[in-house]
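Using the sequences provided together with the hints, build the complete structure.
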Amino acid sequence: MSDALISGLAGAGGGIIAQLITYPLQTVNTRQRTERDVKRQKGKHVTIEVSVFRLNDMWVIKNEGCGRLYSGLAPSVVGAACSQGVYYYFYQIFRDRAEAIAHERKMNGIGDGSVGMLSSLVVAALAGCTNVLLTNPIWVVVTRMQTHRKNSKKSQLSHSSIAPAEKVLNPIEPPPYRTGHTTQELYDEAGIWGFWKGVFPTLIMVSKPSIQFMLYETMLKKLKTNCALVKQGDTGVSALEIFLLGALANLGATVVTYPLLVVKSRLQAKQITNGDKRHHYEGSLDAILKTIRYEGFHGFYKGMSMKIVQSVLAAAVLFMIKERTCQDARFLLTKGGISTSKTRPT
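Counting in the UniProt record's numbering, the sequence shown runs from 1 upward without gaps.
Simulated from the structure, these hints should not be mistaken for laboratory data.
Careful, some of the hints might be misleading.
To be verified - Computed Cβ-Cβ distance ranges for the label pairs, DEER-style:
1. 113 - 184: 47 to 57 Å
2. 109 - 255: 37 to 47 Å
3. 289 - 105: 42 to 52 Å
4. 133 - 184: 16 to 26 Å
5. 187 - 309: 26 to 36 Å
6. 122 - 74: 50 to 60 Å
To be verified - Computed list of lysine-lysine pairs in DSS-like fashion (alpha-carbon distance at most 25 Å, straight line):
7. 106 - 222
8. 335 - 231
9. 224 - 335
10. 270 - 290
11. 221 - 231
12. 106 - 221
13. 277 - 290
14. 224 - 106
Just so you know, even glycine gets a beta-carbon here, dropped at the ideal spot from N, CA and C.
Shown next, in the form of structure tokens:
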């Protein structure tokens, strides 16, 4: 069994578990990113509007239960498995190729045979682009399902003006909005290309896992070196250490790339067609310009604190499970007399 296949399966398993654990936070954060409001300078109305948005998030959790925060979970789990599986599979293939090139360079008297930071960045970027192009349709559907709930509830709050308590406590149940309905609606709205909405900012966001893996592998390499010195050649690291390394690496990458995530989410959410130009985007550049014009630069960082918590926790769980699964799989295969082989492009 190749290392690429082991990494792909381990990544898929870790991605599913991380998605299940952090999905409610992801749903709330998606709603926060896709909410639009005018600039703060326009007075008290903005304060009331922002307060309504925050109350809406709290109200959904308190009065509807956590179950409603799992809207779109089924396609999301499929997306997590596919995304992580595809990413780690191609990452390992590209990584093996980079190691082969580095080894050849060493044989020719160039370099020390190790994969440098720049090569790691390129490898992660190539794997990320492949993943985005193959799995973007799944995440468009997930975003639609998450933001559909928000739109239904926000309209109820505005109609009730939050005054009559009995109306807030007894909300009208929104119609079912399942995966098939979402997919058909998206196709009717924009055709087959609608499933690749937001793909441009998402491709740019490939820099996030690239930065994340560059930081992670750099820290992991240093940690293993220190472990070898302290433990007399033993380079093994604990699950807790991997958990913390994954969290730190993801934190740095999230802060840098969050504005692109806001743009992507707004493009993928259902476009409002009530004549309000603030809420309708024709493309990535239009979304950026309208966000700056109507909300200011702070609009690019809506819900960032929630995203940091969700993203760091998900990445830490993913890395911990993936690394442990890979170690156990290789141990079992070696113990059973089955050797693992690295996939080398011919």
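How the hints compare with the structure:
no., hint, in the structure
1, 113 - 184: 47 to 57 Å, "53 Å, holds"
2, 109 - 255: 37 to 47 Å, "41 Å, holds"
3, 289 - 105: 42 to 52 Å, "46 Å, holds"
4, 133 - 184: 16 to 26 Å, "23 Å, holds"
5, 187 - 309: 26 to 36 Å, "34 Å, holds"
6, 122 - 74: 50 to 60 Å, "35 Å, violated"
7, 106 - 222, "21 Å, holds"
8, 335 - 231, "24 Å, holds"
9, 224 - 335, "24 Å, holds"
10, 270 - 290, "17 Å, holds"
11, 221 - 231, "15 Å, holds"
12, 106 - 221, "19 Å, holds"
13, 277 - 290, "9 Å, holds"
14, 224 - 106, "22 Å, holds"
Hint 6 from the list above is the single one not met by this structure.
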